[in-house]
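There are 2 protein chains.
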Amino acid sequence: MNTNPLLPMGKAAREAARILATTSSQRKNDLLLAMADGLLAAQESILAANAQDLADARAAGLADNLIDRMTITPQRLHSFAADVRKIAALPDPVGNEFDARVLPNGLRISRRRTPMGVLGLIYEARPNVTIDIAALALKTGNAAIMRGSKEIRRSNLAILQVIQAALTQVDLPQTAIQYIQDPDRALVGHLLKLHDYVDMIIPRGGAGLHRFCWENSTIPVITGGIGINHIYVDASADLEQALPIIHNAKTQRPSVCNALDTLLVHDSLAADFLPRVVRYLAAAGVRFRAAPAAMAIVGDHEAVTAAGPDDFDIEWLNLTLGLRLVPDLDTALEHIRVHGTSHSEAILTNNWQHAQRFLNEVDSAAVFVNASTRFNDGGQFGLGAEVAVSTQKLHARGPMGLQELTTYKWIVLGDGHVRA
Amino acid sequence: MNTNPLLPMGKAAREAARILATTSSQRKNDLLLAMADGLLAAQESILAANAQDLADARAAGLADNLIDRMTITPQRLHSFAADVRKIAALPDPVGNEFDARVLPNGLRISRRRTPMGVLGLIYEARPNVTIDIAALALKTGNAAIMRGSKEIRRSNLAILQVIQAALTQVDLPQTAIQYIQDPDRALVGHLLKLHDYVDMIIPRGGAGLHRFCWENSTIPVITGGIGINHIYVDASADLEQALPIIHNAKTQRPSVCNALDTLLVHDSLAADFLPRVVRYLAAAGVRFRAAPAAMAIVGDHEAVTAAGPDDFDIEWLNLTLGLRLVPDLDTALEHIRVHGTSHSEAILTNNWQHAQRFLNEVDSAAVFVNASTRFNDGGQFGLGAEVAVSTQKLHARGPMGLQELTTYKWIVLGDGHVRA
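So the sequences go chain by chain: A and B. If you want my numbering, it's the position in the first sequence, counting the first as 1, plus 1. If you want my numbering, it's the position in the second sequence, counting the first as 1, plus 1.
There may be inaccurate statements among the hints.
Said to hold, decoys possible - Here are the computed distance ranges between Cβ atoms for each label pair:
(1) G385/B with I20/A: 30 to 40 angstroms
(2) D239/B with P105/A: 16 to 26 angstroms
(3) D197/B with A272/A: 47 to 57 angstroms
(4) R86/B with Y281/A: 30 to 40 angstroms
(5) P6/A with R338/B: 55 to 65 angstroms
Hints in this document: simulated from the structure, not taken from any laboratory. Here the structure is a predicted model, which is why all the values come from computation and not from measurement. For glycine and all other residues, C-beta sits at the position ideal for the given N, C-alpha and C.
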């Protein structure tokens, strides 16, 4: 049996997690505030490291949008630090007891929230993820082993220095947050097999990364973040509300997972409303892929082309929108079932029964009536922070906040109790 | 790419799950009552099938305790049917809404409990598991694909006929509960890869089965049921309470996962209490494996032998008990950390600080003060039923009842809301 080269890291993380598990909220908050201060104090070294990463990325010909996501500016660094202060100000879920009761035999039982233990994080080139996840993990008393993509390695290491200095400042072990520096890709596979020491894997990236994780991990994986999202405009919809909702869901931030991908419109709205949608959204730069019946109505608009065979199975992440006319709610529900990823779906309607059926029958992390899919977000839902948006059903579904980084243990208090 | 031979089964289960998800509690209860009636009505055919399984098992030389677990008697069948009626009488968690609130912008959000979808169950030779899990799955609106061990195949198929007849009786698809009949072991591996159709894998069996599942599954697995459990008797313990608690934890049902495996006793209790424990439990048939210091005190008792190097890392499942003297609470905590499986641990103490430290620092599914570890059970904790006892941290920890077979979706009700 080969030895996992990450074993020492795993052991150190487990040991740090043991200490973090009984660290007070006060000290965890002091730690986060020290991190926020440290980020600003280290601005020069962080920006210098980031500049080197950016130079290499440009030399390697990385796309502009990727380079933008990698870029740290003084303004962005201030906003990262502000986010850490916000996380410090949130209530700490650890230690909360729930479902407390006294059993007929007098045993007192409750469930008490505890940290998950050690988180494994695998993510793509966004330096803010390093800061965010470290702050969320530490706030909830978890240790973490992180692996960012190699393009952003120097920036991440500069940030890691700040985090580890803050840990030392509040007398906690630096091993609470560790970073896999070696760019060898095989180490990602090794992290996924570190089941004796890591309790949960959180991938942050595209569908390929998620798939790689759940195909190869012996540790539970939180999958999510992939949304092929739908809005169905029912015959009874308030069309004056519908236009801004569709516009918001598609254009407010097209590159994220809760943005709209496919618009399903009831046949009765084909003649008037469909052309209005096309005009209204085309003005915002939206380009359409229309199914045949919709094509017959709006195909002459320059922004509209015929949908290809796979166009309703793509998470666009840009200003492309699929268009399809449907004869009834059942067809809309079936389209969502066949093409959706169970992320975010909305119905726009004024029909009570249709709204109820949509809420009951659509099996997605978030189901909306008369609202934009863009609200499927931890911040918007009032969780205060967001770790990820889960599209799996185990443990957490939809936006994950601090509570979703915890587990619980049963506390049982007796007075000589034995089982009969 | 090879085609998974279980694909048709997966598709049928997913389709059945869609229907079950919106089936009323009333009809699900009618179904369970029809199953209970059907089990009694089919007594003759079930016992005949079981007799064939038992004859083969005896011919193959299976151990007596395994044969006993496989055996269905008229009395046991009545008790299986009674259990199904009990599950029918429990409240249905599906549809409950929680965390409901109105956001500052007027959006109404809540989390609504929904069925998990499709469960994959892999279990060893206990025919009651077939009935239990089918009833629990159907009560919570889930479909299931089941795979029992080949020794009990005929009994399981006779039970399956009853379940499927009951499904037909209440006009639900028979594919809600499917059974993998082919004894080919490769099919277990195929079930673990059916991620497009199965939402959760529940193994019920020994450590080897659990390990096989989480090593090979691309579907989230609930692991658990393996308990190397500890009781630490503190210097301040009420010794008159301690003896019956230890006796209960070890002997009341030694073959199950919440039974006691190792007793840690404070040094100060070595001379008087330790010999009392040995005498008291030896009279109940307990045999001891003692670490050196304990051996020096009680080694002359015929029930005591010296512990081998791995004896504190074994889940005994019989009347063997590990014995170790410890100089302080820290050593007890460290022993539990190194040798435990995070299942059930108890401290017997009258020292407030020691009790608090034990509750805070022991990272197990259930942590007890002055009570027997045998209470770590869904029925005992008042959950009404038990699917499994999880020792993992994701989703559910400790006893899993009906609620733990559900997930939730976010319900978001707007009135033209768009994100700013």
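Check: If you check each hint against the structure, which ones fail?
Finding: Numbers 3, 4, 5, in rising order.
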